[in-house]
Amino acid sequence: MYKNLKYLFICSLFFAACSEDIEEDTSGVESEVPVIAGTADFSKYVALGNSLTAGYADGALFRAGQSNSYPKLLSDQFALAGGGTFTIPYMNDNIGGLLIGGFPLPGVGTRLYFNGCAPVNLSATPTTDLASPLVGFYNNMGVPGAKSYHLLAPNYGDPNGLFTLPRTANPYFVRFAQNQTTSILADAMAQIPTFFSLWIGNNDVLGYALSGGVPTSQDPVNGDNITPPNGTPGVGFDGTYTALINTLTTNGAKGVVANIPYVTAVPFFTTVSVNPIAPYKYYEDTDETICSKTYDPSANDIATINTINSKLIGPLSQILPDRFKLLSTTKNNPVIIVDESLTDFGPQITSAAQNIPSLAPLAAYLGQTYGKARQTKAGDYILLTTSSVLGTTNSSLPLQILSQGLGAYGITYPLGDKYALVPSEVLEIKTATDLYNVTIKSLADDKGLAFVDANAALNQVANGGVVFDNFHMTNDFVKGGAFGLDGVHPSARGQAYIANKFIEAINAKYGSTLRKYKAQDFPLSYPAGL
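Residue numbering for the sequence shown follows our numbering, beginning at 75 and increasing consecutively.
Note that these hints are calculated values from the structure, not bench results. Quick caveat: nothing in here was measured; it's all calculated off a predicted structure. Warning: the hint list may mix true and false statements.
Pairwise CB distance ranges (calculated) [unchecked claim]:
no.: 1; residue 1: Pro233; residue 2: Ser402; range: 20 to 28 angstroms
no.: 2; residue 1: Pro240; residue 2: Lys521; range: 27 to 35 angstroms
no.: 3; residue 1: Gln392; residue 2: Asn229; range: 52 to 60 angstroms
Subject to a maximum C-alpha distance of 20 angstroms in a straight line, what follows is the list of computed PhoX-like cross-link-like pairs (lysine-lysine) [as the list claims (entries may be wrong)]:
no.: 4; residue 1: Lys515; residue 2: Lys492
no.: 5; residue 1: Lys405; residue 2: Lys446
no.: 6; residue 1: Lys446; residue 2: Lys399
no.: 7; residue 1: Lys521; residue 2: Lys583
no.: 8; residue 1: Lys446; residue 2: Lys492
no.: 9; residue 1: Lys515; residue 2: Lys553
no.: 10; residue 1: Lys592; residue 2: Lys146
no.: 11; residue 1: Lys504; residue 2: Lys492
no.: 12; residue 1: Lys446; residue 2: Lys385
no.: 13; residue 1: Lys515; residue 2: Lys504
no.: 14; residue 1: Lys583; residue 2: Lys553
no.: 15; residue 1: Lys492; residue 2: Lys451
no.: 16; residue 1: Lys399; residue 2: Lys385
no.: 17; residue 1: Lys504; residue 2: Lys451
no.: 18; residue 1: Lys118; residue 2: Lys583
no.: 19; residue 1: Lys583; residue 2: Lys515
no.: 20; residue 1: Lys590; residue 2: Lys146
no.: 21; residue 1: Lys399; residue 2: Lys451
no.: 22; residue 1: Lys592; residue 2: Lys575
no.: 23; residue 1: Lys592; residue 2: Lys553
no.: 24; residue 1: Lys146; residue 2: Lys575
The beta-carbon is built from N, C-alpha and C at its ideal position, and this holds for glycine as well.
Please put together the full structure from these sequences, using the hints given.
Put into structure tokens, the structure is as follows:
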């Protein structure tokens with residue numbers, strides 16, 4: 075019944091991505107100045123962090139992404155100022171994914187590429203196998219999925235921990251840990267760094283956000299709780315971060331740290347609007363590019379909307395006018411979500427429905443289903459992955475309900491908590507992030523470290539964009555240039571922009587003259603065939 079109702083953003087987004095021209099950089103080469111280290115010693119640089127540090131992009135870790143990671147870019151500039159060799163635990167290929175004993179490791183997929191209309195996973199088979207671990211120390215200690223306290227955790231690289239419930243190990247660290255009992259920090263310190271970078275804490279709130287604000291556990295791979303801002307090392311962020319900084323600076327090493335951006339600024343949370351349902355259908359022109367769409371109003375769609383209004387939204391708007399409004403036949407419409415912060419008005423809905431002849435047989439179901447439901451509004455964030463669910467049918471519902479056309483996710487059936495962030499959840503994330511950032515800035519000042527305000531930098535990208543050379547870089551999904559195809563991690567160009575922010579902070583703090591990167595030297599996206 076609802077197959078013609080479409081979520082607008084995907085269609086318009088990918089058409090724009092196919093047709094947009096990117097301005098070429100004609101700014102020329104700035105005059106070079108001698109590169110000096112200033113008061114810093116770059117001879118042994120070690121980078122600690124998570125996926126952002128590792129070079130994870132487009133939903134996977136792969137060689138090209140690792141080569142364009144901001145630590146690699148920093149090390150290339152450090153090399154001009156006395157920096158030493160910078161080793162990276164490279165994946166075997168540009169496919170992404172992981173094998174274990176020749177079999178794909180569940181939950182670790184291949185990288186995404188843009189097929190002309192949408193991001194899709196490579197169909198190739200990975201060649202990086204955990205059964206063949208790496209040997210030796212690595213300067214890039216970024217581990218995808220790591221939270222702050224994981225940098226301190228012993229046995230985080232023990233392969234046996236991949237098979238426990240919950241997991242106690244991380245597959246990426248399993249590849250290059252020095253032994254089964256070590257920690258990321260211990261392996262970093264064993265190299266006696268003279269300079270370090272630390273960007274950690276993003277995952278301490280990101281897991282909760284990506285799960286739509288549904289807490290699960292502090293599982294090293296799948297845990298989704300927000301790390302408490304306060305607590306002892308290995309428990310609270312402040313105690314953990316203090317332990318990290320105190321250890322890294324033990325031998326007099328200098329370094330640079332970055333604070334945590336608001337996760338809701340990334341395309342994963344900003345691409346799908348709160349009014350994503352278009353009251354018309356589209357047709358694909360198969361003679362043109364696969365993302366060419368023609369939009370056309372449809373009498374069938376209008377009839378469907380009128381039916382939804384009369385059967386469901388109209389009665390609900392009479393019972394709960396603050397939560398539901400009639401759907402429009404001319405403008406984009408909100409979706410229905412569950413908001414656990416709301417008072418449960420299920421009994422009131424059931425009582426009112428019992429007095430409406432057409433709804434009386436469904437009164438109990440309506441009260442149970444819509445008691446904490448409402449339409450989306452400003453302040454909500456619909457997850458990017460929710461787009462694949464919108465309008466699909468909840469086939470687990472009783473036939474009596476499905477026969478009434480009340481099973482379409484987001485349209486006539488509420489999207490569950492995991493599909494969106496509501497204001498109360500957004501506030502939890504922001505509050506924790508702000509407290510993390512107070513800790514990071516305080517320790518940077520106390521220890522005399524260079525400080526990168528990554529939060530301000532990426533908020534600027536998200537709010538109007540930034541000029542990077544002659545390119546206007548935004549957080550628009552696919553075509554904005556700053557983020558990759560998973561909607562969370564930076565593109566190669568985004569990594570260069572981040573590297574420049576680190577370089578600015580290092581130069582300002584230590585009197586270095588490291589050179590910055592040009593946008594034109596980094597791709598907007600990685601092609602299928604690397």
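A quick look at each hint next to the structure:
1. For Pro233 and Ser402, the hinted distance range of 20 to 28 angstroms is not satisfied, since their beta carbons lie about 55 angstroms from each other.
2. The hinted window of 27 to 35 angstroms between Pro240 and Lys521 holds, with their beta carbons roughly 34 angstroms apart.
3. About 58 angstroms separates the C-beta atoms of Gln392 and Asn229, a value consistent with the hinted range of 52 to 60 angstroms.
4. Restraint check: the Cα-Cα separation between Lys515 and Lys492 comes to about 32 angstroms, which exceeds 20 angstroms; the hinted pair is violated.
5. Simply put, Lys405 and Lys446 have alpha-carbon atoms about 25 angstroms apart, too far for the 20 angstroms limit, and the pair is violated.
6. Of the supplied pair hints, the one linking Lys446 and Lys399 holds, its CA atoms being roughly 15 angstroms apart against a limit of 20 angstroms.
7. Of the supplied pair hints, the one linking Lys521 and Lys583 holds, its CA atoms being roughly 12 angstroms apart against a limit of 20 angstroms.
8. Taken as a hint, the Lys446 and Lys492 pair is honoured in the structure, with Cα atoms around 14 angstroms apart against an allowance of 20 angstroms.
9. Distance check on the hinted pair: Lys515 and Lys553 sit about 33 angstroms apart at the alpha-carbon level, beyond 20 angstroms; violated.
10. A C-alpha spacing of about 15 angstroms is found between Lys592 and Lys146, which places the hinted pair at or below 20 angstroms, so the restraint holds.
11. Using a Cα cut-off of 20 angstroms, the hinted pair Lys504 and Lys492 holds, with the two alpha carbons roughly 18 angstroms apart.
12. With a C-alpha separation of about 19 angstroms, the suggested pairing of Lys446 with Lys385 holds against the 20 angstroms cut-off.
13. Among the hinted pairs, Lys515 with Lys504 is consistent with the structure: their alpha-carbon atoms are about 16 angstroms apart, no more than 20 angstroms.
14. Of the supplied pair hints, the one linking Lys583 and Lys553 is violated, its CA atoms being roughly 34 angstroms apart against a limit of 20 angstroms.
15. Pair hint Lys492 plus Lys451 holds up; C-alpha atoms about 17 angstroms apart against a cutoff of 20 angstroms.
16. Distance restraint check for Lys399 and Lys385: the Cα-Cα separation of roughly 13 angstroms lies within the 20 angstroms cut-off, and the hinted pair is therefore satisfied.
17. Proximity of Lys504 to Lys451 is assessed by CA-CA distance (about 19 angstroms); at most 20 angstroms being required, the pair is judged to hold.
18. For the hint pairing Lys118 with Lys583, the CA-to-CA distance comes to about 18 angstroms; that is within 20 angstroms, so the pair holds.
19. A C-alpha spacing of about 14 angstroms is found between Lys583 and Lys515, which places the hinted pair at or below 20 angstroms, so the restraint holds.
20. About 13 angstroms separates the Cα atoms of Lys590 and Lys146, which keeps this hinted pair within 20 angstroms; it holds.
21. For the proposed pair Lys399 and Lys451, the alpha carbon gap of about 11 angstroms is at most 20 angstroms, so the pair holds.
22. A hinted pair counts as satisfied when its Cα atoms are at most 20 angstroms apart, and Lys592 with Lys575 qualifies at roughly 13 angstroms.
23. Annotation: proposed proximity of Lys592 to Lys553 holds, straight-line Cα distance about 18 angstroms (limit 20 angstroms).
24. Distance check on the hinted pair: Lys146 and Lys575 sit about 14 angstroms apart at the alpha-carbon level, within 20 angstroms; holds.
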